[in-house]
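Protein chains: 4
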Amino acid sequence: MVILGPNRYGKAETRVVRVTRHGDAHHIKDLNVSTALSGDMTEVHLSGDNSAVLPTDSQKNTVNAFAKRHGVGAIEDFALLLARHFVDSQPTVHHARVAIEEYAWERNGASGHSFVRSGRETRTCVAHYDGSHAWVVSGLRDLVVLNTTDSEFWGFVKDEYTTLPETRDRVLATAVNASWRHTGDGAGEWDCEWDKEYDTARQAMLAAFAGTYSLSLQQTLYAMGSRVLAECPGVCEVRLSLPNRHHFLVDLSPFGLANDGEVFFAADRPYGLIEGAVLREDAPDAGPAWE
Amino acid sequence: MVILGPNRYGKAETRVVRVTRHGDAHHIKDLNVSTALSGDMTEVHLSGDNSAVLPTDSQKNTVNAFAKRHGVGAIEDFALLLARHFVDSQPTVHHARVAIEEYAWERNGASGHSFVRSGRETRTCVAHYDGSHAWVVSGLRDLVVLNTTDSEFWGFVKDEYTTLPETRDRVLATAVNASWRHTGDGAGEWDCEWDKEYDTARQAMLAAFAGTYSLSLQQTLYAMGSRVLAECPGVCEVRLSLPNRHHFLVDLSPFGLANDGEVFFAADRPYGLIEGAVLREDAPDAGPAWE
Amino acid sequence: MVILGPNRYGKAETRVVRVTRHGDAHHIKDLNVSTALSGDMTEVHLSGDNSAVLPTDSQKNTVNAFAKRHGVGAIEDFALLLARHFVDSQPTVHHARVAIEEYAWERNGASGHSFVRSGRETRTCVAHYDGSHAWVVSGLRDLVVLNTTDSEFWGFVKDEYTTLPETRDRVLATAVNASWRHTGDGAGEWDCEWDKEYDTARQAMLAAFAGTYSLSLQQTLYAMGSRVLAECPGVCEVRLSLPNRHHFLVDLSPFGLANDGEVFFAADRPYGLIEGAVLREDAPDAGPAWE
Amino acid sequence: MVILGPNRYGKAETRVVRVTRHGDAHHIKDLNVSTALSGDMTEVHLSGDNSAVLPTDSQKNTVNAFAKRHGVGAIEDFALLLARHFVDSQPTVHHARVAIEEYAWERNGASGHSFVRSGRETRTCVAHYDGSHAWVVSGLRDLVVLNTTDSEFWGFVKDEYTTLPETRDRVLATAVNASWRHTGDGAGEWDCEWDKEYDTARQAMLAAFAGTYSLSLQQTLYAMGSRVLAECPGVCEVRLSLPNRHHFLVDLSPFGLANDGEVFFAADRPYGLIEGAVLREDAPDAGPAWE
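From first to last, the protein sequence lines are chains U, L, D and C. In this text, residue positions in the first sequence follow our numbering: the first is 2, and each later residue adds one. In this text, residue positions in the second sequence follow our numbering: the first is 2, and each later residue adds one. In this text, residue positions in the third sequence follow our numbering: the first is 2, and each later residue adds one. In this text, residue positions in the fourth sequence follow our numbering: the first is 2, and each later residue adds one.
If you are wondering where the hints come from, they were derived from the structure by calculation, not from laboratory data. Be aware that a few hints might be false.
Copies of the same chain look alike in the list, so a pair counts if it fits in one copy or across any two.
Unchecked claim - Here are the simulated BS3-like cross-link-like pairs (lysine-lysine), alpha carbons at most 30 Å apart as the crow flies:
hint	residue 1	residue 2
1	Lys69	Lys197
2	Lys159	Lys197
3	Lys69	Lys159
4	Lys159	Lys30
5	Lys30	Lys69
6	Lys197	Lys30
Using the sequences provided together with the hints, build the complete structure.
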């Protein structure tokens, strides 16, 4: 006997740019919105009966229409607004997941209407709503950082396949992919200045990366996560995925040259990958937040 | 009080090519192997004490050494071999996850030593081992398929943001990303001809895609998943992620031309995304299989 | 005094899929078409006067309309048709360049309407037309090939920065990027079975790669190019760009293991890059063919 | 009779990171270096005789050794240094082309050893040297800019395939890919503050993009190129490739909403592509500079 398991459907990567004009001073929000709905969807899978299905095209239209009607402030608010709309307006939809990426722009000189893409990282959020509770996870990805010193790696397990020498000084580099879960009141009401908290969390991770004398990337990961928790009272859990972008010291001895931490080869693959969560002991159950 | 949550670390994307030579007839296996370990890793996060840490470099070395020592047959067997090795040989490692991608090659003409990359999809597997149990998920991604007819979409919910017209004939195209979980005996012993089952599962999905008169991509997804279950007795669950690669009929009426399903615009973004699981009612608990 | 130099403008990457239906047997052509026009375009650059500019949107419409009106056979014919149209119909357009990529599909089983993307390489062509002459270059990219033996590299220059050991047996792998220029009659009339010639050229390169005992990738490049010329009388020049995808023998000696050409690391970067042209001594002037 | 045409070979994408330490204040240069040599290379193509071939591996070693020995200042100087070295030290090498990409980093807070990748664009240069003359082209790519107003498009040619309405206000966005050729003295001596000139050229293009009331992207291109020439006396030619990243106004009328330049769809493909050169009337012959 075969049954339908967990499922969801939606419109991925709706690329919407919202312009706001205050006289000559324009503002832009540049988003990539993905919506996913679930609910009474057994019949559409079994027989193709679409009577419970709000088309993904309508979801895209809703994203665009809401961008006009409500404007776009913090992406977390926009994601929650959309998630609530789908569940509250459609009897067959019991759960909505809305994920948004935001791309940063800054002003091009003194012009009020000219902009330049800035920064290399992408701001992200995922909101869930199930009709009674909401969950919000904020984050960023591709924040690339590098320390030229204050990183060691030694004292590790040596098995028969270990050839790596211990080191007391190495380059440590990674592309930070981080997400942080907001505690909220569990019922979908949020009293959070999302943009301010984003800056605080981002800055906390940068400061922890710079300020941690690292004996392992795991230690740095934990320092970054706990710093976010220390500085963001409304956050209950941080998840980090840190690729260890190896910078290998180039052997220049065949050319009669010393290489005292001066010339490195930035390797592509393979790379170390360190993943971990740091959370408050009393963090509420995550529910579907991370899905 | 801040605590460490779930974590793992390892070497991602070790690109190993294994050549076997039987006289003039050579064989190649082209793999991308990612290992991830977890266990007694609290201290390394808190203080940078690496005494429980098998370096990711050693993991890479193990992949290479095992490719030589044991050869590489089905990727599922190689993944299990590695996963068991890490857990069984390292007291501090309690759980291993090994993910492998395999790239297909075929012979270049009659030559025994010349090969051409073939196919567009990538074969995948993920094996977990925790010291007593093992889990194996096989899969593929980027198997791109398209039907020029036998696809309709109508009878869906119309809300105030719905503008999509109903259609009785459309192009249906997707890039199949599928994974299937093997039942096994729960204890890490597997009696499965992995390669043969891969071919069966792949063919089942292709046949279901071609043979399903589709009223929705969800229906096609369910047909593909249940077909795999019908033809692969050792599989208990199939998960599919199907991007709906929209092919929009181009409006040629401004040029005095009809377009009776002849000229389509293959759009990039946004795209529908249909995700779902199909499983046996008596499927065993998945444990960490999908992580 | 500042002047305008060479320039062109057009619509890049129009993704058009053309379906042809013969009863239940359907056929598809999946193209990516880029058009670029030049001519009386000084004023638009200097003052923004668009009176000589056929919009890129109109170029896209033309691609779609022509796909319907004329059908799509060999991409070379479709490119020539478009190039001629733009020059012949627009007094301000004196030169057109049309580049097309074609993605291959094969039938999904016995179904007349279901297809699977096949092959890994992309077929390409570029056609130029200037009102009196036409030029056509055909090609392919990303045809990935590998020889497990019959490749040596020794006898090279050793300078003070040379550490590479000589080798009498290595893996040789590359992603073939090739283009071949057709002689034509210079006036835009072509008597070529493009599809048949494509198969011949592709097969010639594969055979030359497999059949050449290689002392350097340059030698293999020349063998591939000259084989195309030998088997394609209508081709006067072949240009190849061959990345040397290094497969490094992994040192397994620390683990007490020999590695007699069995385990390789497939490196990403850096890579060798060998580029060269092979042509008939009497090849006509290339004109703008390679631009 | 088949002959060998133009050819070159080298090591592409050597990823070298150079660290300089002045006490606690460290500096990093993050480069991607590609070298390509040509000269007496007929024999290696015809017979595989490598006696004229400096291995690509030695070229990579040279890049690394020179990064140590000479340090890395402006990428143009490093490229020239390498190009001269290969030609001057190897009798069989008559021409060298060295292309470098540089990735920008800024300090992570007040730390002297912690850095964050900054900016989205990549700085580039290409240097050629043939034993007596040198050529240098500097540039950047992926500088993404957008104007929310001051862009029109009307008065264009309307043919039978034109459906685009004229517009008096649109969003104009592009990813600037620009290269500028330096006049030099033709003999390989350069008296240029490369880094300062880079900032000037970049700023000139940004200012021209912001300050040009645009009637066509061609007009903006010309304004950007001529502004660089106006502000950089040592530059004789600018080449720009500007994809027109279409931002389409979303039709919200089905939802009873106006859309007065507020909600846009950022499309991927197809896109306009505007390419052009702006140069001084007395610019010296480009020679191989653009190859």
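Consistency of the hints with the structure:
1. Proximity of Lys69 to Lys197 under the C-alpha cut-off of 30 Å is restricted to the intra-copy arrangement: shortest distance 24 Å within a copy versus 43 Å between copies.
2. For the homomeric pair Lys159 and Lys197, neither the shortest alpha-carbon distance inside one copy (45 Å) nor that between copies (38 Å) is at most 30 Å.
3. Taking the shortest Cα distances, Lys69 and Lys159 sit within 30 Å of each other only across copies (21 Å), while inside one copy they are farther apart (60 Å).
4. In this assembly of identical chains, the alpha carbons of Lys159 and Lys30 lie at most 30 Å apart only when taken from different copies (29 Å versus 51 Å within one copy).
5. In the homo-oligomer, the alpha carbons of Lys30 and Lys69 lie at most 30 Å apart inside one protomer (12 Å), although the nearest pairing across protomers, at 39 Å, exceeds that limit.
6. Taking the closest pair of Cα atoms, Lys197 and Lys30 come within 30 Å of each other only inside a single copy of the chain (16 Å); across copies the shortest separation is 32 Å, beyond that limit.
In this structure, the one hint that does not hold is number 2.
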